[in-house]
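Taken in sequence, the protein lines are chains A and B.
If you read the first sequence in numbering that gives the first Met the number 0, its first letter stands for residue 0, the second for the next number, and so on.
If you read the second sequence in numbering that gives the first Met the number 0, its first letter stands for residue 0, the second for the next number, and so on.
Some hints here could point you the wrong way.
[Unchecked claim] Quick look at which bits of chain A chain B covers, simulated, 3 or more residues with Cβ under 8 Å:
no., stretch
1, 150 to 158
2, 259 to 268
3, 330 to 341
[As the list claims (entries may be wrong)] Simulated DEER-style distance windows between Cβ atoms:
no., chain 1, residue 1, chain 2, residue 2, range
4, A, 401, B, 38, 29 to 37 Å
5, A, 138, B, 76, 54 to 62 Å
6, B, 56, A, 401, 39 to 47 Å
Keep in mind that the hints were calculated from the coordinates and are not lab data.
Glycine residues also receive a C-beta, built at the ideal position from the N, C-alpha and C atoms.
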Amino acid sequence: MSYELVQVLDGNTFVVSDKCGDIEPSLVDATGLFSFDTRFLSKWVLTVNGERLNALSTDDLQYFETRFFLVPGTGTVYIDAKLSVIRQRAVGNGFHEELTILNHDEKPVDLTVRVEADCDFADLFEVKDALAKKGSYTTRVADGRLVLGYERETYKRETWIEATAPAAIDEHGLTFAAHVEPHGEWTTDLHVITASGGLGFHLDRTKYERNAKKARPIMEHSLEKWVGDAPRLECDWAWLKTTYQRSLVDLAALRFEPVAFPGQSLPAAGLPWFMTMFGRDSIFTSLQTLPFTPELAATTLRALGQRQGTRVDDFREEEPGRILHEMRFGELTAFEERPHSPYYGSADATPLFVVLLDEYERWTGDTKLVRELEYEARAALNWIDEFGDRLGDGYISYQRRNETSGLENQSWKDSWDSISYHDGSLPGFPRATCELQGYAYDAKMRGARLARLVWRDAAFADRLEKEAAALKRRFNRDFWIGDRGFFAVALDADGRQVDSLNSNIGHLLWSGIVDKSKARAVVSHLMGPRLFSGWGVRTLADDEGRFNPIGYHVGTVWPFDNSIIAWGLRRYGYKQEAARIAAAMFDAADFFDGRLPEAFAGYPRELTKYPVQYPTACSPQAWSTGAPLLLVRTMLGLEPIGENLIVDPVLPVGIGHVELLDIPGRWGRIDAFGRGRVDTRKKSLTRQELGILGEYKPTKTR
Amino acid sequence: MADPTREFFAGLAAQAHTPLLQSESGTLRFDLKEGKRTQRWYVTVRKGDVAVSRKGAAADCVIHAEKALFDGIAAGKVNATAAALRDAVTMDGKVGLFLFFQRLFPGPSGAQGDDRPVAGYAKRRP
Numbered sequence: 000m001s002y003e004l005v006q007v008l009d010g011n012t013f014v015v016s017d018k019c020g021d022i023e024p025s026l027v028d029a030t031g032l033f034s035f036d037t038r039f040l041s042k043w044v045l046t047v048n049g050e051r052l053n054a055l056s057t058d059d060l061q062y063f064e065t066r067f068f069l070v071p072g073t074g075t076v077y078i079d080a081k082l083s084v085i086r087q088r089a090v091g092n093g094f095h096e097e098l099t100i101l102n103h104d105e106k107p108v109d110l111t112v113r114v115e116a117d118c119d120f121a122d123l124f125e126v127k128d129a130l131a132k133k134g135s136y137t138t139r140v141a142d143g144r145l146v147l148g149y150e151r152e153t154y155k156r157e158t159w160i161e162a163t164a165p166a167a168i169d170e171h172g173l174t175f176a177a178h179v180e181p182h183g184e185w186t187t188d189l190h191v192i193t194a195s196g197g198l199g200f201h202l203d204r205t206k207y208e209r210n211a212k213k214a215r216p217i218m219e220h221s222l223e224k225w226v227g228d229a230p231r232l233e234c235d236w237a238w239l240k241t242t243y244q245r246s247l248v249d250l251a252a253l254r255f256e257p258v259a260f261p262g263q264s265l266p267a268a269g270l271p272w273f274m275t276m277f278g279r280d281s282i283f284t285s286l287q288t289l290p291f292t293p294e295l296a297a298t299t300l301r302a303l304g305q306r307q308g309t310r311v312d313d314f315r316e317e318e319p320g321r322i323l324h325e326m327r328f329g330e331l332t333a334f335e336e337r338p339h340s341p342y343y344g345s346a347d348a349t350p351l352f353v354v355l356l357d358e359y360e361r362w363t364g365d366t367k368l369v370r371e372l373e374y375e376a377r378a379a380l381n382w383i384d385e386f387g388d389r390l391g392d393g394y395i396s397y398q399r400r401n402e403t404s405g406l407e408n409q410s411w412k413d414s415w416d417s418i419s420y421h422d423g424s425l426p427g428f429p430r431a432t433c434e435l436q437g438y439a440y441d442a443k444m445r446g447a448r449l450a451r452l453v454w455r456d457a458a459f460a461d462r463l464e465k466e467a468a469a470l471k472r473r474f475n476r477d478f479w480i481g482d483r484g485f486f487a488v489a490l491d492a493d494g495r496q497v498d499s500l501n502s503n504i505g506h507l508l509w510s511g512i513v514d515k516s517k518a519r520a521v522v523s524h525l526m527g528p529r530l531f532s533g534w535g536v537r538t539l540a541d542d543e544g545r546f547n548p549i550g551y552h553v554g555t556v557w558p559f560d561n562s563i564i565a566w567g568l569r570r571y572g573y574k575q576e577a578a579r580i581a582a583a584m585f586d587a588a589d590f591f592d593g594r595l596p597e598a599f600a601g602y603p604r605e606l607t608k609y610p611v612q613y614p615t616a617c618s619p620q621a622w623s624t625g626a627p628l629l630l631v632r633t634m635l636g637l638e639p640i641g642e643n644l645i646v647d648p649v650l651p652v653g654i655g656h657v658e659l660l661d662i663p664g665r666w667g668r669i670d671a672f673g674r675g676r677v678d679t680r681k682k683s684l685t686r687q688e689l690g691i692l693g694e695y696k697p698t699k700t701r
Numbered sequence: 000m001a002d003p004t005r006e007f008f009a010g011l012a013a014q015a016h017t018p019l020l021q022s023e024s025g026t027l028r029f030d031l032k033e034g035k036r037t038q039r040w041y042v043t044v045r046k047g048d049v050a051v052s053r054k055g056a057a058a059d060c061v062i063h064a065e066k067a068l069f070d071g072i073a074a075g076k077v078n079a080t081a082a083a084l085r086d087a088v089t090m091d092g093k094v095g096l097f098l099f100f101q102r103l104f105p106g107p108s109g110a111q112g113d114d115r116p117v118a119g120y121a122k123r124r125p
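Just chain B, with the same shape it has in the complex (with noise of 0.2 Å):
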């Protein structure tokens, strides 16, 4: 069965390093509520770097979810901002984190000229 939230923080890690975050550094955690289980994401990012693990400590902020709900996130169906404000997702901590972090998220599939590149040539030199 698909597993967006899965495939999504899977792409994230294979990235390894993303300029839409090369400003920020800290440590989000996930927690995704299924039913009675809370499944747990850390993504740590250092300058862009980026590295995701299921195991963590501190974390700067705590991102509270449903999993069906991410998992809509994680497919570009659900707007992350959109449901921060309607407390479908909740945060503890350093909110900024998040706010940077959402970026990272896909837009809706079938949007006019999604297939375009995105961002041509922000390409960092050596």
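Bound conformation, chain A alone (with noise of 0.2 Å):
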């Protein structure tokens, strides 16, 4: 299919259609009504008197609902059309379709609307793949709806179609005979139910149904609750607001309620195809969004809590302590085809858990979670050392338990090249990343404070504490490359350093694990011009062997990344760097409309004067829509200490003030302002301090 796709969504269901609001069965794009990681509907083809419609506009109205303008007759360059067809759906429980025909002649007309339906239940893993399916198909009409079903063993599957108007129901869909008065309309409803999902569910209505005051607005009403609970920015740079709010929105977008917290939800990883839990991108988001949102990480804890690794398992990758990776509902993982349920394999999301938890406290002052889980934390701390350090060294490092489905790279950079020599080639395995052992120190810290304020621990915060200062030495005597300046990206099996410079150097700082005496080097690194491309902090340096600047993991800039490298250079006092790359993500978002792609290329800024985004699939991506969020935090220098809230702005050049109100916290709610320099005489997008490409000096500021 050439033609646009459209998405409508509720947590894990979603509709992706063309633009007339059809799905067909398609090879190039996986179309359809999804929900649970199963496609519930696989074709879905409206028709007037035979013919298919041809669409004048897509309206999105809301994330969940979008409304087609249709006329009869395809592929006609002037369309004197008499007839008008209206389609509008709201996803929830499936979806609900309202489908109007309006007749513009002074003749009555009798139409034979159809509407085409059939399912193949694949498993979002078989879709792409075309894999064939193991179990039977079923198809009956009962109690005026017509039901797809799909079975294998005890699995079932079920989709109800039904119509408020008359219908033939036949096994192939619905044929309405529609009569049309002159300058009158013809309306039906369509229902469309995922009726069985597995985990006990069992639905029998769609969550919206026409003129449903009641029912409509709920999430609408969410939506506007939503960003209204949230603090409100006021600022001079007119993009600024608008990524704010593009962010808000998409972040409300990418909610996902757990199965076992009913009504709590967490950021799910990316729309469509990554709405679920993900330890690695469900914590990195929670943090990012922290002072603005922070329901959201409560609820990532919780979940994460509950479904941390208890046993070892080695086809999931599950060890006691372990937080998960991805939890996924299809039937590949129902028959342990996959591994997803849930699949295990991350090495950082077991630290950050603890990292995530303790910033959680820090903003909140809610200790009843932390006495909550407690008993997962510590389990957390205790993979670390038992399970994290695989070859006994002290460091955390990673291979797989699943030679067939398992993960190769469990760090964040986990495409097959990501981790790097100098000239190149690839290390084994096991491999311990620097920035695991960051988050190491930093889990240990951190969890040294929850065990003195709020476990009453004394003895294991001071054996953290112990454990973490010599975890720091180690790393700064082993990681570093003295003559390059800089930490090496990991260690290799034989405990030999994988020499390449990496954005991870940037994750050093935010955990806090580097030297001070050693921060400055490596902020000349991350904003000297073969990390720092004016767009970002390229993931690898231009220099090093496998450097490309259209590769996934080895040179394209994330803003994710680059959101907690500006964290890190916070913490070490370099703020007008933090500033810098804050500047120059609200640039590009201004090219995407405020919505930041998961990555884009690592050309430098001067070359393409517009940042070129990595084609992906997913959009928005949860921890890209997050960075804005925590950008506008490090700008401003938010940081929560005992009950107060410290504001240290520093702002790139170009923002005259920013505003950032009713900021929630221990402390209630708490305005932020920050003044910053307006260079009057430029008014380019390039700003000055991002065109310069020279060695770099970084400048810190007490």
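Hey, can you piece these two chains together into the complex? The hints should help.
Next comes the structure, spelled out in structure tokens:
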């Protein structure tokens, strides 16, 4: 299909259709109604008198609701239609579609309206691979509805299709005899219900119905409430406000309700194919959004804590204390052809779980949750040394237990060639990447704070701090490449340094594991021309063997990565540099209507003049959505200290003032104000401070 | 003859308290089908304290499964979450309670490193 696709969604239920609202089996694009990682409708085609319709316009009313304006007759250049067809679709427990036909003629008209429906019940994992199904299909017409079904042993999924207008229902669809008076209208409601979805889910109606004023505005209202509850941003830089608003709305769409915690939501990883709980992505997004929407962090902690590993299972790579990587609900997972029930192959989610718990308490003062998760936090800290340290050398390293379907790289740069030596060759396994050691250090320090403050266990706190100090000493010795002045991206299985220059060193600043004496050199590299492109810090420096400006983790710029790096720069007092990264990101966001993509190409800024998007199927992506929020935090220098919120703004040149009003936290609500310099001589998008590309000298300000 | 289900519940009863359920309270009822008969177990959880019985009253979550399948879960041979996804285990009521409870099932034996201590120093201070 070459035409644009339209997506609407509610949690992990979403519809991908063409711009007429039709769904057809396609090998190129994955269209359909999906829920719980299963396709519940693979064909949904509307015809009037046997003819397909032509789209005049598509109107995205909300992320869960779309309206399609159609006319009969396809392929004509000029259409003088006597009929209009309107489909209005709202997603929730399947979808509800209002189908309306308007007759613009002076004569009445009799029409045959037909909706064809079918379903392959493909697992999301199968959609692209076009695998043959192992179960059998059933189709029946019963109780005034068409029921499409699929069964494999005990596994059973059903889609129910109903209409409010009288219809002749057969096994392939519904036919309506529509009589429309002159200048009159004919209408019906169609309900497509994801009736059976596993884990005890049985539904018999869609969430939305016609004129159901009570039902329809619930999500709309909650979207308004969501945006209304978040701090308000005022700024003389128009596109910062746009980006901020866009981020809040996208975050609302990315909310995912875990099965065990009805009514609560956490950030799923991305839309639409990653609308599920991910350890790493959900934690990072929760960290980024804490000052704005702290309830996301609370649910992330509860849900990940609840599914924390308790046993050793090689297939799922589960280990006691380990925080999961990804949860899936489809058929392949159900029959253990995929390990996502859940899958635990992540080396960073476990220490980051403790980091998030502490950061959450610093902002909210919610010691109740810290007490509730004491067991899980201790088990996570225990995992670091007990299971994370695979070689017994005091460092977290990873090597997959599941050799068939497990992930090779279990850190955030998870593509096959993401970790390389300076000469471009790849190390063996296990691999101890540097940022994992930073996260472990931070988890121990923060765990110690919680142990002292909330769990009242001073001995445990002392032990953690002692371990953290020893780790920091070792790390600054073993990972530091003295003659090049930065930290190795990893140690290989022999303890040898993997000696390429990567953005990972920015995460080390965030974790605080870098010796003060080494910070300046690290900052010089981050802001120097080999890593800094003008649009942000590249994943891999441009003089490394494997560098490719459009390589997924080997040269592109990731907004999420940059937001964490900016946070790290602030931690070590490099405020101007943090502001510079914020400026680069907000400039880039303007090219994408405020929605930062997962990654963009690592070309130098003066070469392309605009950020070249890396092609990806997933947008918005949660941690790219969270990046502008974290950058607002770092720009304003927001830091909770005790019961107070410290505000220490350094704004990029060009922003005169930023106000963030009603910041929620343990202090109730508080406002933050920042003033900056505006260079009135320059109006160019490529601001002066972003253009320079010589060796960089950091300007530390205390 | 070995009865992993019976052993699992007996082990749970002997444990009396488990920190894995310390934030949960509620009653689970397991209806395990053996041919025409149904074996029934009740587990009541109160902030990590667990009591096991064969008789009980109202349950917050009722779990249905074949006894033979549940034997596999109790022995660590069958993964409870995957079984629930393929409707081999079904639930009525508070599904979340079962999702907490599944943490107590053992892992597959023979996995690398399963002789290691489980969550070493996860001990609550008085």
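So, going through the hints one by one against the coordinates:
{"no.": "1", "hint": "150 to 158", "verdict": "holds (count 5)"}
{"no.": "2", "hint": "259 to 268", "verdict": "holds (count 3)"}
{"no.": "3", "hint": "330 to 341", "verdict": "holds (count 7)"}
{"no.": "4", "hint": "401(A) to 38(B): 29 to 37 Å", "verdict": "holds, 34 Å"}
{"no.": "5", "hint": "138(A) to 76(B): 54 to 62 Å", "verdict": "violated, 36 Å"}
{"no.": "6", "hint": "56(B) to 401(A): 39 to 47 Å", "verdict": "holds, 43 Å"}
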